[in-house]
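Please construct the entire structure, taking both the sequences and the accompanying hints into account.
Per this note's numbering: the sequence shown = residues 16 to 487.
One thing to keep in mind: the hints can contain errors.
To be verified - With a straight-line Cα cutoff of 16 Å, these simulated EDC-like cross-link-like pairs (lysine to aspartate or glutamate) come out: (1) K85 to D244; (2) K87 to E70; (3) K353 to D294; (4) K159 to D182; (5) K170 to D158; (6) K85 to D114; (7) K280 to D261; (8) K295 to D212; (9) K353 to D376; (10) K352 to D294; (11) K463 to E402; (12) K461 to E435; (13) K353 to D366; (14) K295 to D114; (15) K295 to D339; (16) K352 to D339; (17) K295 to D244.
Unchecked claim - Label pairs and their in silico Cβ distance ranges: (18) D227 to E164: 33 to 39 Å; (19) S269 to S412: 46 to 52 Å; (20) D227 to E253: 40 to 46 Å.
Derived from the structure by calculation, the hints contain no laboratory data. All values reported here derive from a predicted model rather than from experimental measurement. All C-beta atoms in this analysis are idealised placements derived from N, C-alpha and C, irrespective of residue type, glycine included.
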Amino acid sequence: AIKAVGQRELKHELGSETLDVHFCAEALKLPSEKENYELSDGTLAAYRNSRDLYERIQLGDGLDDRFRGKLKVAVDTIESAIRLYGLRAVAIAFNGGKDATVILHLMRACLAKAAEETLSDGEEKSESRIATAARVISMYIVDKDEFPEVEEFVKKMCKAYAVDATDLFLNFKDSLSAFLNQRTEIAAFVLGTRYDDPDGRHVEHFSPSSKDWPRFMRINPILEWDYADVWQFLRHFELPYCVLYDQGYTSLGSVGTTGRNPELKCPDGSFQPAFQLTDKAMERAGRVSRSTLTCMEKPLITAGVVVISTDALSRGMAEISSADTNQMLRSHGIQLKKLSIVPNDLECAIDEIAAQVSKFDIVITTGGVGALKEDVTFAAVASAFNEDMCRSEAALSVIKSSHSRCNDLVQMVDLPASAEIVDNRNDNFMKATNGRKPALTFPVIKTKNVYSLPGTPMLFRFGLERIVEHIS
16 AIKAVGQREL
26 KHELGSETLD
36 VHFCAEALKL
46 PSEKENYELS
56 DGTLAAYRNS
66 RDLYERIQLG
76 DGLDDRFRGK
86 LKVAVDTIES
96 AIRLYGLRAV
106 AIAFNGGKDA
116 TVILHLMRAC
126 LAKAAEETLS
136 DGEEKSESRI
146 ATAARVISMY
156 IVDKDEFPEV
166 EEFVKKMCKA
176 YAVDATDLFL
186 NFKDSLSAFL
196 NQRTEIAAFV
206 LGTRYDDPDG
216 RHVEHFSPSS
226 KDWPRFMRIN
236 PILEWDYADV
246 WQFLRHFELP
256 YCVLYDQGYT
266 SLGSVGTTGR
276 NPELKCPDGS
286 FQPAFQLTDK
296 AMERAGRVSR
306 STLTCMEKPL
316 ITAGVVVIST
326 DALSRGMAEI
336 SSADTNQMLR
346 SHGIQLKKLS
356 IVPNDLECAI
366 DEIAAQVSKF
376 DIVITTGGVG
386 ALKEDVTFAA
396 VASAFNEDMC
406 RSEAALSVIK
416 SSHSRCNDLV
426 QMVDLPASAE
436 IVDNRNDNFM
446 KATNGRKPAL
456 TFPVIKTKNV
466 YSLPGTPMLF
476 RFGLERIVEH
486 IS
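Okay, here's the thing in structure tokens:
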């Protein structure tokens with residue numbers, strides 16, 4: 016009504032010369048004529064919202080000190096990138112996932128603050144100019160197998176926050192090349208990579224793109240965050256996220272490779288929202304191949320993994336991914352419930368193995384299997400079952416076939432009394448390693464419901480395949 020009749024007519028109709036019409040318009044959040052264009056596409060409203068978010072982030076009210084520190088590092092990293100490359104030279108790749116959503120909100124908040132500081136002098140200091148400069152630049156790769164809810168969410172976010180978005184329809188690498196050819200000013204991308212991601216172990220906050228890829232700087236502000244941190248940020252600041260996360264999904268991919276997380280399934284068949292997941296190792300439990308979606312919804316067997324750390328293990332431990340282990344087990348109807356890393360200490364190993372044996376259908380140990388007196392795995396397994404140790408001639412025979420100095424390795428075949436060899440197919444192992452003969456071949460040892468594997472990544476992966484075949 017105020018817009019329709021105008022200020023002068025409104026005063027006349029109300030019969031009051033003292034009415035502050037400008038105040039009424041502001042209270043109703045109506046634009047002035049000067050601001051009409053910006054508000055028509057949401058740019059000014061998006062800027063104000065983002066500026067408010069920045070202030071709330073800086074205050075950090077209600078956040079614990081641990082997460083407040085992580086949040087400060089994330090903001091500082093993005094602000095450093097903007098200072099280094101410029102307001103319009105840093106982009107994001109927004110795909111609607113939870114990590115990308117965190118990046119969108121952080122990026123728009125930091126851009127709002129940076130644009131205000133950059134355009135602070137002369138006639139450029141108009142709110143409309145600042146709002147335009149603060150728009151987030153984004154690319155979105157359209158997947159023909161995308162969840163409709165994800166597509167809808169991406170569109171809503173781009174409209175709500177006036178994102179300068181470009182839709183692309185090629186694979187990621189080709190889409191990236193096309194985007195950078197089109198937007199030649201872009202020098203860096205802010206990404207949602209975390210250290211616990213499969214590809215997150217080898218990057219830093221600023222990491223150049225890989226060889227044979229287009230040249231740009233990868234900015235990774237939330238490397239130190241974990242699953243719980245992502246949800247603390249989104250929920251604490253009451254920020255929008257894709258509705259699928261309220262329906263039991265914890266990690267989103269394409270329709271054919273994504274299911275609800277079984278860890279969130281309720282007795283009545285419904286699913287809890289994603290933020291209720293307590294075991295961060297199970298974040299990607301719903302991300303498997305299309306052929307195994309049914310199996311992952313109804314796991315048949317529960318499993319625990321005990322990693323017994325040794326010096327020999329430390330050289331390759333980073334290569335053993337809990338996500339990869341979980342995916343392999345899940346694809347065979349085995350639900351990974353817990354993965355623990357314990358020191359190479361007999362009492363610690365006994366306690367953890369015994370605890371998992373009582374809770375899960377199977378337990379897999381890795382590490383602590385070797386020729387050193389300090390290697391405690393088999394002794395710990397024997398103690399967990401109150402069994403004696405005895406020499407296994409069958410295991411010794413396997414070692415003799417692959418190692419000439421077998422007398423130095425006798426301790427490796429002192430096994431629990433009920434231990435048995437599950438698999439010693441060395442010919443299959445040679446095929447799995449492309450014909451390269453391993454320094455030492457060791458069979459998969461099963462003691463009741465405990466399977467024991469060496470800690471070397473190559474032997475661990477091969478042994479895990481033998482275990483799931485044996486169980487199947």
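Just to be careful, I want the Cα atoms of K295 and D114 compared with a cutoff of 16 Å; is the pair within it? The hint holds at about 14 Å.
K353 paired with D366 [C-alpha distance capped at 16 Å]: OK: K353 and D366 at ~14 Å, within 16 Å.
Would you mind confirming whether the straight-line C-alpha gap from K280 to D261 stays at or under 16 Å? holds, 12 Å
Okay, D227 versus E164 on CB: inside 33 to 39 Å? At roughly 34 Å between Cβ atoms, E164 and D227 fall inside 33 to 39 Å, so the hint holds.
Is K170 within 16 Å of D158, Cα to Cα? It holds: about 14 Å lies between the C-alpha atoms, which stays within 16 Å.
Decide if the proposed pair is consistent with the structure: K353 and D294, CA atoms, cutoff 16 Å inclusive. holds, 8 Å
Is 46 to 52 Å right for how far apart the beta carbons of S269 and S412 are? holds, 48 Å
Keeping to a limit of 16 Å between CA atoms, is the pair of K159 and D182 held or broken? Given pair K159, D182 holds - Cα atoms ~13 Å apart, limit 16 Å.
Given the hint that K295 pairs with D244, does the C-alpha gap stay at or below 16 Å? Holds, because 11 Å separates the two Cα atoms, which is no more than 16 Å.
Against the 16 Å threshold, does the CA-CA distance of K295 and D212 hold or violate the hint? OK: K295 and D212 at ~11 Å, within 16 Å.
Proposed proximity, D339 with K295 (alpha carbon, max 16 Å): holds, 14 Å
Assess, step by step, whether the Cα of K87 is no farther than 16 Å from the Cα of E70, and give holds or violated. Cα-Cα ~12 Å, so holds.
Hint compliance for this structure: every hint is met.
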